[in-house]
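Protein chains in written order, with our numbering: chain A, 7 to 544; chain B, 7 to 544.
Treat the hints loosely; a few may be bogus.
Copies of the same chain look alike in the list, so a pair counts if it fits in one copy or across any two.
Said to hold, decoys possible - Listed below are the simulated SDA-like cross-link pairs for lysine to any residue, each with C-alpha atoms no more than 20 Å apart in a straight line:
no. : residue 1 : residue 2
1   : LYS484    : TYR343
2   : LYS253    : ASP462
3   : LYS240    : GLY188
4   : LYS63     : GLU483
5   : LYS132    : TYR161
6   : LYS390    : ASP250
7   : LYS106    : LEU141
8   : LYS94     : TYR161
9   : LYS390    : SER368
10  : LYS390    : LYS500
11  : LYS77     : GLU140
12  : LYS8      : LEU146
13  : LYS63     : PRO496
14  : LYS34     : VAL540
15  : LYS484    : GLU62
16  : LYS484    : LEU235
17  : LYS94     : ASP125
18  : LYS94     : ILE529
19  : LYS63     : ASP482
20  : LYS329    : ARG445
21  : LYS8      : GLY310
22  : LYS37     : ALA494
23  : LYS390    : SER362
24  : LYS94     : PHE122
25  : LYS94     : LEU115
26  : LYS70     : ARG507
27  : LYS525    : GLU62
28  : LYS63     : ILE506
29  : LYS512    : ILE529
30  : LYS333    : TYR323
Rather than coming from a laboratory, the hints here were simulated on the basis of the structure. Predicted model, so just to flag it, every value in this text is computed and none were measured.
Here's the letter readout for the chains.
Number of protein chains: 2
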Amino acid sequence: MKIALCQINPTVGAIDYNKDLILKWYEKALKAGADLAIFPELVIIGYPPQDLLLREKLLDEAEKALQGIAKASTIPLIVGNTLVEDGKIYNCSVVCGNGKIISHYKKILLPTYDVFDEDRYFTRGKNPEVFQIELGGKNLNIGLQICEDLWDKDYACNLAKSLKEKGAECIINISASPYRSGRLLDRMDLIKTKVSQTGIPFIYCNLVGAQDELIFDGQSLAYDSEGNLIGQGKAFEEDLIFMDLEKANPLETKVESREEKIYRALVLGVKDYFRKTGHKEAVVGLSGGIDSSLTACIAVDALGAENVHGVSMPSKYSSDHSKDDAKTLAEHLGIDYRVIPIESPVQAFEQSLNESFQHTNSGVAEENIQARARGSILMALSNKFNWLVLSTGNKTELAMGYCTLYGDMNGGLAVISDLSKTDVYALSRWVNEKAGSKRIPVNSISKPPSAELRPDQVDPFDYDVVSPLVTALIEDEKSPTELIAEGADPELVKDISRRIRINEYKRRQAAPGLRVTSKAFGIGRRVPIVNQFVELNS
Amino acid sequence: MKIALCQINPTVGAIDYNKDLILKWYEKALKAGADLAIFPELVIIGYPPQDLLLREKLLDEAEKALQGIAKASTIPLIVGNTLVEDGKIYNCSVVCGNGKIISHYKKILLPTYDVFDEDRYFTRGKNPEVFQIELGGKNLNIGLQICEDLWDKDYACNLAKSLKEKGAECIINISASPYRSGRLLDRMDLIKTKVSQTGIPFIYCNLVGAQDELIFDGQSLAYDSEGNLIGQGKAFEEDLIFMDLEKANPLETKVESREEKIYRALVLGVKDYFRKTGHKEAVVGLSGGIDSSLTACIAVDALGAENVHGVSMPSKYSSDHSKDDAKTLAEHLGIDYRVIPIESPVQAFEQSLNESFQHTNSGVAEENIQARARGSILMALSNKFNWLVLSTGNKTELAMGYCTLYGDMNGGLAVISDLSKTDVYALSRWVNEKAGSKRIPVNSISKPPSAELRPDQVDPFDYDVVSPLVTALIEDEKSPTELIAEGADPELVKDISRRIRINEYKRRQAAPGLRVTSKAFGIGRRVPIVNQFVELNS
């Protein structure tokens, strides 16, 4: 009774491509002697399709693709697709086999929080369902689930138990569960709980690949009825995982370090964004600082050194070490590198604005002219050579609004926008450890962070204090009041909360950023711009 | 039995301010001899609060404000607020009176489509509810509804009928229904249908004021049991509307032209965005074209001429008429006007990029340098003087991607981004008719549109054809296949569809835009950037 988990990477909207991909992996499973092949949630359409689900033609084409897949089937396969009934759309796990569609299970729990909006599109199924499937000459009662059906604790139900009560001998959950740091252990704990509650095996097939801000990590799982891990898919790669429920060997859990996981997630995020939007080459502004250095490393590992262009754009305030560090980084990475000074456009802007700015003091306006000159140069290179600009801001800066809209925020993809400054340091150190060399110049890691937009400027934050507070407010969703109760400086907490609130307008216009935490700035966090809710008044 | 509809303009998150506003209008109603005062949906918190609903403190403060309002009450009042029960949040219509909270009705139908996300936050109420309220010494059985409860046709229920069956003698619906062109007539038709089905009066109290992209139009309504209009609130203004169900006089429906409505909506949108984010002055880049001219007019009517700054930023490609038209417009509007040529920063950029660009042909990269120089100048003025930049792009351009990211797309608010090019012309003509003068220079209206980024350039679209097709695809949600079946040019439809799809990345970074149609680019339209769904393949 050989079961194959086909952990594949579809593209949203590319129905024909996805169908061919499914059939290719089905064929592989078949050749290896599988009795059942399992594919992830909504794999024919890609996930999340968002408003594409409102397009009738898409749903029709997905249905046709499903029929084609079913027609080509011999051994059973389970695949995620939509089903339209009476004008309502269901998110389904479809069992096919022997050239036919055998049955549809309709997802019951529709996540509608954070990055999920399933209530917007789908009608919920009513009943847990068990289907009898013939596997290698034996009948097996399979309880089907889709993704959120596993995460039932917030919905006052226990769907796994219901399936067991209905006679399920095994549960198969097909998922499109996006990565965030620590997610694998959450899933393992939850599945083991379900196994201990039901005493039957649990098989979990997850999507892999990135889609806009989301990175699906794969890491499919299978547990036997004793709660032993008997299958684990690779992280951030397509994978074909086989297991035999009757004669499985318990596996050791593969665990990579937190830094390695996040880094690999971001590499996949960049790779897939480029591949799936038809881009090949990237350009990164290199300041000699740690953010742009880490971003360039990720880009090189995602796209190849030959496809990454580094640009240093020094001003009169740029220190020698910044220029040296940028150059050293480019040499270490083996990427194309050029220096385009911004002094001349900055001076031209200042002269143009001279009359308007007379009798004013130099300040943020003048600083931002520099950031925007750099942003314009990167975009000019992008427009000319079809290089996609990667923006390099981190989450702590984005929270505090310490970034220039239409300047350093420019870019098609924000690679590290969900990494706190603390994590940027941790990942950069990990990069060098892993490489066994100073891939990122040590100086970029050790020097005090500075935007270098005026003489002797250093970032006006103690990141060791601010970065964890921002994380607590955004990712842990703690309130300012709680943080103060836990001992944080009230004035600082008040200042950070205020900055987060008043800078929403900047983030609303930010490039899409790759999500690696429980709460990223992006589609999963919807805070009004016009917002006068001030938790700490005085 | 005098009933007061208090059509007021709260601010999201400003609980204390909103509470005071409610009490002030309650007092007005009381002084005028009202027996009942009615306020809109979620008026204590403001609508839509989005993720602020996940903040416990906000819900606590709203509850306290409600208690304060109840405590101050004598005659009954009905007010929208949240209710937290067993960790679940309900969207409620709360009846208060005689110093107490009397009852809560929980909203049943939670809109979760387009700009609405109520399933994300609220738990739905189970039952239609009728409450007996003493009004001027008489008891009246009132059936309560909240906004979407009226729009029940897509939910396989008839809540008005259920209320009637439960003994309601009158239905009171409190709403936060955003404006879109034609919405008043939709509401009137629907309410009249409900009145004819139930034979009881229907009172509809709507929110007024703008919040981010949404503009609530007020236009509260009341119908007697015969279906006669007996109360109508002003459009786009706070208003206190009185009616007596026992001795009402039928009113004539007030109808303004489509152009006037949309124009007034945009004026309120600009006004409230500035007021509620604490801005006072605006800056607009004036090209002499129709889009920036219309935007400047709206800004003047919203903020006052003394608070609007116009900047002409000519290049070597700018025609004399463009410069003249911009200046004439500024004179007509009586706004501050300055000319800041971009030639010098553009040349400086070109020199800086000279080495990188050698052996390439001049094209989009060079054109965008000009647009970005303009965008940077506007932002420098914004940073220096705290003027908010208004972006001037229209919906047709945004759809086609005929706009420069970090260039002419720069701005805190996109004033006319939900107006098709056709509507831009219609509103501009209306502006001049209304003013009885050439407020917008006739030349700006009559000349062929051009970005003037290269010699003799004109916009590469026939807007008379393209603008309605974009409207059909986006607002009417027609498919490309349907449009072709209706006789549109297949190649053109294919090209437009492709442009809409591949330019999603630009719109994702666009300024929030004021919504005046059934489907705007913005929070109500969620289309993936990575999107390979091509409806017309060849």
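A quick look at each hint next to the structure:
1. For a Cα distance limit of 20 Å, the shortest separation of LYS484 from TYR343 qualifies neither inside one copy, at 43 Å, nor across copies, at 47 Å.
2. In the homo-oligomer, the alpha carbons of LYS253 and ASP462 never lie at most 20 Å apart, since the shortest distance is 67 Å inside one protomer and 76 Å across protomers.
3. Proximity of LYS240 to GLY188 under the C-alpha cut-off of 20 Å is restricted to the intra-copy arrangement: shortest distance 15 Å within a copy versus 54 Å between copies.
4. Only between protomers do LYS63 and GLU483 lie at most 20 Å apart by alpha-carbon distance; the minimum there is 12 Å, versus 40 Å within a single protomer.
5. For the homomeric pair LYS132 and TYR161, the shortest alpha-carbon distances inside one copy (13 Å) and between copies (17 Å) are both at most 20 Å.
6. Taking the shortest Cα distances, LYS390 and ASP250 never come within 20 Å of each other, neither inside one copy (54 Å) nor across copies (68 Å).
7. Taking the shortest Cα distances, LYS106 and LEU141 sit within 20 Å of each other inside one copy (16 Å), while across copies they are farther apart (66 Å).
8. In this assembly of identical chains, LYS94 and TYR161 lie within 20 Å of each other by CA distance solely across copies; the values are 11 Å between and 22 Å within a copy.
9. In the homo-oligomer, the alpha carbons of LYS390 and SER368 lie at most 20 Å apart only across protomers (9 Å), although the nearest pairing inside one protomer, at 33 Å, exceeds that limit.
10. With identical chains, the CA atoms of LYS390 and LYS500 are never at most 20 Å apart, being 45 Å at best within one copy and 26 Å at best between copies.
11. Proximity of LYS77 to GLU140 under the C-alpha cut-off of 20 Å is restricted to the intra-copy arrangement: shortest distance 17 Å within a copy versus 68 Å between copies.
12. Taking identical chains as interchangeable, the C-alpha atoms of LYS8 and LEU146 lie at most 20 Å apart only when both belong to the same chain, with a minimum of 12 Å there against 70 Å between chains.
13. Taking the shortest alpha-carbon separations for LYS63 and PRO496, only the inter-copy value of 17 Å comes in at or below 20 Å, while the best intra-copy value is 55 Å.
14. Proximity of LYS34 to VAL540 under the C-alpha cut-off of 20 Å is found in neither arrangement, the shortest distances being 57 Å within a copy and 29 Å between copies.
15. In the homo-oligomer, the alpha carbons of LYS484 and GLU62 lie at most 20 Å apart only across protomers (10 Å), although the nearest pairing inside one protomer, at 42 Å, exceeds that limit.
16. For the identical chains of this complex, LYS484 and LEU235 are neighbours neither inside a copy (34 Å) nor across copies (50 Å), given an alpha-carbon limit of 20 Å.
17. Taking CA atoms no more than 20 Å apart as the test, LYS94 paired with ASP125 passes in both settings, with 12 Å inside one copy and 17 Å between copies.
18. Proximity of LYS94 to ILE529 under the C-alpha cut-off of 20 Å is found in neither arrangement, the shortest distances being 25 Å within a copy and 23 Å between copies.
19. Taking the shortest Cα distances, LYS63 and ASP482 sit within 20 Å of each other only across copies (16 Å), while inside one copy they are farther apart (41 Å).
20. In the homo-oligomer, the alpha carbons of LYS329 and ARG445 lie at most 20 Å apart inside one protomer (16 Å), although the nearest pairing across protomers, at 53 Å, exceeds that limit.
21. For the homomeric pair LYS8 and GLY310, neither the shortest alpha-carbon distance inside one copy (38 Å) nor that between copies (75 Å) is at most 20 Å.
22. For the homomeric pair LYS37 and ALA494, neither the shortest alpha-carbon distance inside one copy (60 Å) nor that between copies (49 Å) is at most 20 Å.
23. With identical chains, the CA atoms of LYS390 and SER362 are at most 20 Å apart between copies only, with a shortest distance of 9 Å across copies and 32 Å within one.
24. Taking the shortest alpha-carbon separations for LYS94 and PHE122, both the intra-copy value of 19 Å and the inter-copy value of 19 Å come in at or below 20 Å.
25. Within a single copy, LYS94 and LEU115 get their C-alpha atoms as close as 16 Å, and across copies as close as 17 Å, so both meet the 20 Å cut-off.
26. When the C-alpha separation of LYS70 and ARG507 is checked against a cutoff of 20 Å, the pair qualifies neither within a copy, at 47 Å, nor between copies, at 23 Å.
27. Taking the shortest Cα distances, LYS525 and GLU62 sit within 20 Å of each other only across copies (17 Å), while inside one copy they are farther apart (32 Å).
28. In this assembly of identical chains, the alpha carbons of LYS63 and ILE506 lie at most 20 Å apart only when taken from different copies (17 Å versus 41 Å within one copy).
29. With identical chains, the CA atoms of LYS512 and ILE529 are at most 20 Å apart both within one copy (14 Å) and between copies (16 Å).
30. Taking CA atoms no more than 20 Å apart as the test, LYS333 paired with TYR323 passes inside one copy only; the shortest distance there is 17 Å, against 38 Å between copies.
Checked against the numbered hints above, the structure violates hints 1, 2, 6, 10, 14, 16, 18, 21, 22 and 26; every other hint is satisfied.
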